[in-house]
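Novice: Work out the full structure, taking the sequences as your base and the hints as a guide.
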Amino acid sequence: MIRVCSQQITRSKWFIPGFCLFLGLVVFGASWIGGHPGAGAVSLALMAGFGLLILLAGRSETIRGLRGDGRDERFAQIDLRATAVAGLVLILALIAAWLTQIASGHTGRPYDWLLAVAGLAYIFAVAFFRWRG
Amino acid sequence: MKNKVRVLRTQRNLAQGQLADAMGVSRQTINSIENDRYTPSLPLAIALARYFGVAVEEMFDDQGL
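Protein chains in written order, with my numbering: chain A, 1 to 133; chain B, 1001 to 1065.
Careful: at least some of the hints might be erroneous.
What follows is a set of in silico ranges between Cβ atoms, one per label pair, in the way DEER data are often shown [stated by the list, open to error]: (1) A:Leu53 - B:Ser1032: 23 to 29 Å; (2) B:Ile1046 - A:Gly133: 16 to 22 Å; (3) A:Phe129 - B:Glu1057: 28 to 34 Å; (4) A:Gly108 - B:Val1056: 49 to 55 Å; (5) A:Thr107 - B:Ile1046: 34 to 40 Å; (6) A:Val89 - B:Ser1032: 23 to 29 Å; (7) A:Pro110 - B:Asn1031: 17 to 23 Å; (8) A:Ser60 - B:Asn1035: 17 to 23 Å; (9) B:Ser1032 - A:His106: 31 to 37 Å; (10) B:Thr1039 - A:Ser60: 21 to 27 Å; (11) B:Thr1039 - A:Phe129: 16 to 22 Å; (12) B:Val1056 - A:His36: 39 to 45 Å.
Only some residues are given here: those of chain A computed to face chain B with a beta carbon under 8 Å [to be verified]: (13) Arg59; (14) Asp69; (15) Gly70; (16) Asp72; (17) Glu73.
Calculated from the structure, these hints are not laboratory results. These numbers come from a predicted model, not from an experiment. From the three backbone atoms N, C-alpha and C, an ideal C-beta is built for every residue, glycine too.
Specialist: Below is the structure:
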């Protein structure tokens, strides 16, 4: 039941635009607390603008897929591949940043533990999905 | 994977969108299947075969596997 409900929510065309707005508000709040409300307002405007673009540009299959309401099994496969590519790029960027830090005589923080989290998450995910069959 | 989806669909004068609606997928997914760019999942392959009243192996050519 929970899975069905969560799928219905994430497949609504309002989910991603709403999430963008929510994230923009969170960033704005954090920036306000941090003493940079102007930067927070810019972030909020950017996130809200992106959300609005996603909401209104529904003619594109890519946008509908990103938004959630145009997803089917093929797009789920595309999403999985795109997530893997994004994860790989992120890990490669972390490795590059970590090596740069070490070569500059620094400790490598926080890239070392971020890489450890990524590696452990991958190992646990492999073990979990193997166990699930 | 090569298949006869386009042939069977056009024989029944169906648009890609109509078949997509019947299968619960997007029109682009039907287009990708017809152009051998996407191999459908087993449930979708079975649903397509049932829809056209043929066996799955009649609809999809596994010679390339």
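Novice: Does the interface hint hold: is glycine 70 of chain A within less than 8 Å of chain B, judged Cβ to Cβ?
Specialist: Holds, because the Cβ-Cβ distance from glycine 70 of chain A to chain B comes to roughly 6 Å (cut-off 8 Å).
Novice: Please test the hint of 16 to 22 Å on the beta carbon pair from threonine 1039 of chain B and phenylalanine 129 of chain A.
Specialist: Since threonine 1039 of chain B and phenylalanine 129 of chain A have Cβ atoms about 21 Å apart, the given range 16 to 22 Å holds.
Novice: Taking the CB of threonine 1039 of chain B and the CB of serine 60 of chain A, does the distance hold inside 21 to 27 Å?
Specialist: Because 24 Å falls inside the window, the suggested range holds.
Novice: Does the Cβ pair serine 60 of chain A, asparagine 1035 of chain B satisfy 17 to 23 Å?
Specialist: holds, 19 Å
Novice: Using the beta carbons of isoleucine 1046 of chain B and glycine 133 of chain A, state whether their distance is inside 16 to 22 Å or not.
Specialist: holds, 21 Å
Novice: Should the hint that aspartate 69 of chain A touches chain B count as held when the rule is a Cβ pair under 8 Å?
Specialist: violated, 10 Å
Novice: Check the following: the C-beta atoms of leucine 53 of chain A and serine 1032 of chain B are separated by a distance inside 23 to 29 Å.
Specialist: About 25 Å separates the Cβ atoms of leucine 53 of chain A and serine 1032 of chain B, which means 23 to 29 Å holds.
Novice: Given a hinted range of 28 to 34 Å, is it respected by the beta-carbon distance of phenylalanine 129 of chain A and glutamate 1057 of chain B?
Specialist: About 29 Å separates the Cβ atoms of phenylalanine 129 of chain A and glutamate 1057 of chain B, which means 28 to 34 Å holds.
Novice: Starting from the range 23 to 29 Å, see whether the pair valine 89 of chain A and serine 1032 of chain B falls in it by beta-carbon distance.
Specialist: holds, 25 Å
Novice: Does the hinted range 49 to 55 Å hold for glycine 108 of chain A and valine 1056 of chain B at CB?
Specialist: holds, 54 Å
Novice: With respect to the beta-carbon atoms only, verify the hint that serine 1032 of chain B and histidine 106 of chain A lie 31 to 37 Å apart.
Specialist: Violated, since serine 1032 of chain B and histidine 106 of chain A (Cβ atoms, about 48 Å apart) do not stay within the stated range.
Novice: Given aspartate 72 of chain A as an interface hint, is the shortest Cβ-Cβ distance to chain B below 8 Å?
Specialist: Constraint on aspartate 72 of chain A satisfied, holds at 4 Å.
Figure legend: structure checked against the earlier numbered hints; hints not met, in rising order: 5, 7, 9, 12, 13, 14.
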